[in-house]
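Single-letter residue listing:
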Amino acid sequence: MAYFKDAQDVYDTLGKLFVDLAEDEELAPKFRKANTIVRYEYRQPESTITVRLQEGQPGDVDFGESGMEPEVVMSMEADTAHRFWLGQVNVTVALARGQIKAKGPVAKILKLVPLTKPVFPRYKAQLEAQGRSDLIEA
Amino acid sequence: MTFKDFYQFAAPTRVISGRELIASTGFEFAKEGAERVLVVTDRVIRDTGLVEKVEGGVADGGLEVVGVFDDVPQDSDTAVVMRCAEQAKDQGADSLLAVGGGSVIDTTKGANVVFSHGGTIPEWEGVFGLPRERDGMGRPLRLAPLGAIPTTAGTGSEASPVAVIKDSERGIKFVILDFPLAPDLAILDPESTATLPAPIAAATGMDALTHAIEGVTSTEWSPHGDAYALHAIRLIRDSLERAVADASDEEARGNMLVAANLAIAPTGFGATGITHSMSHPCGARYGVPHGVANAINLPPVIEFNAVASEEVADQFGGAAELLGVDARGGGEQVGRALADHVRELRARLGLPGRLSEVGVPEQGIPQLAEDAMGEGSTLVNPREPTADDFVELFHKAL
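Protein sequences, first through last, are from chains A and B. Positions in the first sequence are counted from 1; adding 846 to them yields the numbering used here. Going by the numbering used here, the residue at position 218 of the second sequence is 207; the numbering climbs one at a time, nothing skipped.
Hints are not guaranteed to be accurate.
Below, computed lysine-lysine pairings styled on DSBU-like, alpha-carbon distance capped at 35 Å [claimed, not checked]:
hint : chain 1 : residue 1 : chain 2 : residue 2
1    : A       : LYS949    : B       : LYS78
2    : A       : LYS970    : B       : LYS78
3    : A       : LYS954    : B       : LYS385
4    : B       : LYS78     : A       : LYS879
5    : B       : LYS42     : A       : LYS876
6    : A       : LYS876    : B       : LYS78
What follows is a list of derived Cβ distance ranges for each label pair [unchecked claim]:
hint : chain 1 : residue 1 : chain 2 : residue 2 : range
7    : A       : GLN890    : B       : LYS78     : 30 to 40 Å
8    : B       : ALA216    : A       : ASP858    : 29 to 39 Å
9    : A       : ASP858    : B       : GLY348    : 50 to 60 Å
10   : B       : GLY107    : A       : GLU901    : 30 to 40 Å
11   : B       : GLU299    : A       : ARG968    : 43 to 53 Å
The set of hints was computed from the structure by calculation and includes no laboratory data. Where is the CB? At the ideal position from N, CA and C, for every residue including glycine.
Excised from the complex, chain A in its bound form (with noise of 0.2 Å):
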């Protein structure tokens, strides 16, 4: 069974990290480094994260349709991007095994990888904050 009931559960999950990434003194202007727009397309359930990474543009987040003109689709059951969030996926393996595909530019995403380290317990203090320990044991 999937960890999300429906696509709002995951906008105010995973999608409040990107946002608050976003707005992160330390970090963003890391991210923005890749200079580019990823579109994170989910399954189960199905729902869309568009996210700005350009130097000198504001960290914009959408959730759903967006008006922004992705250059790198990174598409992946959002059970995939919660556990790799919480530090738990490989993403050569993801991507070697299908889990994660990726269409486009597909390095200035792997860049960034490293850069999500400090993020895991990030996002584990968020789910603890918002209450949701269901999905940190699930």
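Fit chain B to the supplied structure of chain A, relying on the hints for placement.
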């Protein structure tokens, strides 16, 4: 020995290897479903007379050569790929046959994607993103039959599921990786490298050695990959210098073709390392040939990586032993001994030893380091490098 949590391996390309196989190209390619063949090559190869022999071999097997696309430059790009795909359609081809080095083979792979699935080639950039049954989650849809006759012994592209294509508009090289990209047939015949100039034989051979060493030391190493790569190292040990020194040494050239074909097996499934992370931007920004860049960057990377852990030191030790290097001691000693061996081999082959000799300026290092951090190979290196580490490594190679 570690039982890995996960790896996957496939060797989807049927390889035939031996002498006088060019004449039976059509007989073999027919088994892959080819009937009307577009031959893809470059003008240098065409001028050697090899393509004519291949055309004869195709026709001998009862297949039709509908055309020859010989417009692939040394550093092919998206426009060439699109022209090649258009020619295949215009001439009614049902299959493509690459006769050339890495650029020709990757161009043909890219053209095959567009020929079979439509669109433009940049649209297919990505990892495991080719069309599949079951809404993208099932079996990949087939591409047109693709054969390859490599004319260099290095890239191994004739057996890999990867194509690297330059996009001149964006000023980048991009990657398409998916199982169907692997050619259906590879023909390894030393006749195809008979006219290969010694410096290119040397550089491409060092590319194959880099694939093999990084293949067995990457975090994505696998027992299957090791079986291929370690034997490749044996063949390279016995054949590379002979093939470079004496173009008439058919046995050495044949074994180098086999070595390059074996060495790509782990790399094709992601077992690589930061020698490649450093060499790709050297090529993209300063036009350094890939094999030359690998030959220069490999030794400092070996020294950097060999101290990662005892297990990694053992992996380097295994490769070193096969090359006849005294691999006793800890990671530092093993790394230094193996790196010195590679430096000496490189010198004996007459290849440049420093990036500064091949046009890389010192002031370019910060950008090269940043580029290297963004390479996929960096993620699977046995030791996690920082941007500062890359700066230091580039300085060592400069």
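(Q) Tell me the hint numbers this structure goes against, listed in increasing order. (A) 2, 4, 5, 6, 8 and 11
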